[in-house]
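Whole structure, please, built from the sequences with the hints as guidance.
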Amino acid sequence: MALIDLYDTRFLAIAGRGDGLARDRAELLRQRLIARLVPTFGDDPHTAAAPAVGGYLERAIELYIAGFAESAIIEADMRVRSLLAAWFGARDGGDGFAVLARRAGFAGDVADRLIALATRREDIDARDGDLAASIVAAPTRGASSGGLAAVRAESPTSQRLRWSADLHDLLAAAVAACAMIFTAIAQGRGACGSTSA
Amino acid sequence: MNDPDVLVIGGGPAGACAASTLALAGRRALVIEKEPGPRYHIGESFIPFCAYPLQRIGFLDKLKASRFTTKYSVVFVGTTGTASRPFWFHQYLYDGASVTWQVLRSEFDAMLLAHAESLGASVERGVEATALIIEDGAIRGARVRGADGEREVRAPVTIDCSGRDALSHRAFAWRDLDPGLDRFALWGYFEGHRLDDGVAGGATVVASIPGGGWFWWIPVTDGRLSCGVVARREDLFVAGESTKQTWARALAQQPWIAERLSAARRVEPLRVIREYSYRARHAATDGLLLAGDAFGFLDPIFSSGVFLALRGGELAAQAADAALCDGDTSARAFAAYGARMSGGIENIRRFVYAFYDKGFSLNQVMARDPYARADISDLLDGCFFRDYEDFFRIVADSATLPGPLSDGLPIERAGSRRRDVRRGDARRGGGAG
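For the record, the sequence lines run as chains A and B. Going by this note's numbering, the first sequence opens with residue 1, and the numbers climb by one from there. Going by this note's numbering, the second sequence opens with residue 1001, and the numbers climb by one from there.
Quick caveat, the hints were computed from the structure, so don't treat them as lab data. Some clues are possibly wrong.
Label pairs and their calculated CB-CB ranges [unchecked claim]:
(1) A:R162 - B:D1222: 49 to 59 angstroms
(2) B:T1400 - A:D130: 39 to 49 angstroms
(3) B:I1273 - A:M78: 45 to 55 angstroms
(4) A:D166 - B:G1026: 50 to 60 angstroms
(5) A:S155 - B:G1058: 55 to 65 angstroms
(6) B:P1179 - A:A191: 47 to 57 angstroms
(7) A:L21 - B:P1370: 45 to 55 angstroms
(8) A:R162 - B:A1258: 48 to 58 angstroms
(9) A:R162 - B:S1262: 48 to 58 angstroms
(10) B:D1387 - A:A107: 37 to 47 angstroms
Positions of the beta carbon are idealized from the N, C-alpha and C atoms, including for glycine.
The following block contains the structure:
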């Protein structure tokens, strides 16, 4: 498969250098990419799916395969968020991410998956903010020590497992979304229109 | 078709793209091509921006459906055999053009010319232009010779796409050679070579050798490899040596290429050509535009030739169409075309000069400027028609860059040299188109 050959060449080599879990993650993402890209773009590397996989979201995919789930979420969300904002431009610049994601016109569950990705990014930001606040604020509230455990009920390990549970599918949806936006931009369209991704 | 709106001399990429563009604009275009059928041509490697003019003339889907090798990247190899990280086109170009092709030119050129014909352009194969028709200082078509004899084809605009041996060059001696880019190429075709796995196997590889020369490595169709060496005459050839001996000596200087060819067999004779870059001093005159190799040829290191031919043919056709709309086919109407083409060629020409400069290093430039990698990728992609002044200011710190070769602007009343046309034609016996 020509389009997926691109993924295999660019990313399976990274997975091969890692442990079995890295290879499993690479394979999970590969299957989701096939499911999300091929129905829309075919097996065609001469589409915007190639730069979406191999260029625009390249770093997010590398981070995910290497096991850096939180970094992959931040990278992918930043990329999608930037692209949507740039595409809609000043006209809709004041709208929130969810509004833009829905306005983009993705069919199926792509917009929902992008919003889920954005929610995880916000959770990561919130946790980091809580961590900082707890260090600063806890002593003033009479606590003997600060730190994450003082203010959060959910353990970091639990958070990580929750955030990375279906990350392969969120990343595949992000790739599909970016490819559809690139296509719409190239065709001068203001929305992605009907797709099956 | 005896009286087209536009006569296109030459049926290569520039001529076929010009004719297709004209046909889509509703113009009657006649292409005369001196070869009766497909012919060998070097220049097999495309760059991504080839996709845009091909898409605009509706040819891209035919290319996608072809069996040509898909090219995703360019790799540079140093004299010691160490390969760079690939310049993946899709890392910087976010549309379907980010993947391009390595083609057999005989097949590609024939496909593209047939496409022009399918759009409504008339094509006469096996017909050559022997002289331009000049009236009152303006070009009004050409005399052509085919199996049915010789005749005049009159047209308000003629686009000369007749290649290196261009009719207009022989007529007006407009060609300015680029003295810093006088090279020779020695090449052959191989099978059984070692390719990298997956999409990396379609890459063009540019592998340097000591003394400023380089090898090209282009995997063309059907498991065949085009591989050649380019260098100055004095660095490439030794008196009394056969081409086989020259090839073996050059190969011994580049370990990356030598290792991958160690089990390969050559399937065609070695070929030699002089690759002397040039540009026409004038891109146009009254009633005449030059495109493709007829306008200019640039050292092939960055595979820019086919794209410049396609884009030049397209722009020339657009200029011709606009001139016909305005009823003014004088040189003035083509000024923007000449300026645009020359500006674009100058960008990639400066990059070629930098590559050959011993003080220049891609890695050092990229280390100095975070945007340099994107600039380099744009140049490798074919984005020639934009401002690179910031980039070349940095490059100029480590490489000597040339001034513009010539302005490429049109000249009015080129036909004052009509006698030269006739003499040149008689001396050489014609043969363009």
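Do the hints match the structure? See the list:
Distance hint check: the CB atoms of R162 (chain A) and D1222 (chain B) are about 52 angstroms apart, consistent with the given range 49 to 59 angstroms. With their beta carbons about 58 angstroms apart, T1400 (chain B) and D130 (chain A) fall outside the hinted range of 39 to 49 angstroms. Distance hint for I1273 (chain B) and M78 (chain A): a CB-CB separation of about 50 angstroms, consistent with the stated range 45 to 55 angstroms. Look at D166 (chain A) against G1026 (chain B): about 54 angstroms separates their beta carbons, and that is inside 50 to 60 angstroms.
The hint said 55 to 65 angstroms for the Cβ distance between S155 (chain A) and G1058 (chain B), and at roughly 59 angstroms that hint holds. Restraint check, P1179 (chain B) to A191 (chain A): a C-beta distance of roughly 54 angstroms satisfies the suggested window 47 to 57 angstroms. In this structure, L21 (chain A) and P1370 (chain B) break the distance hint of 45 to 55 angstroms, their C-beta atoms being roughly 34 angstroms apart. A hinted range of 48 to 58 angstroms for the beta carbons of R162 (chain A) and A1258 (chain B) is consistent with their spacing of about 54 angstroms.
As the Cβ distance of R162 (chain A) to S1262 (chain B) is approximately 54 angstroms, the hint placing it in 48 to 58 angstroms holds. For D1387 (chain B) and A107 (chain A), the hinted distance range of 37 to 47 angstroms is satisfied, since their beta carbons lie about 39 angstroms from each other.
Checked against the numbered hints given earlier, this structure breaks hints 2, 7; the rest are met.
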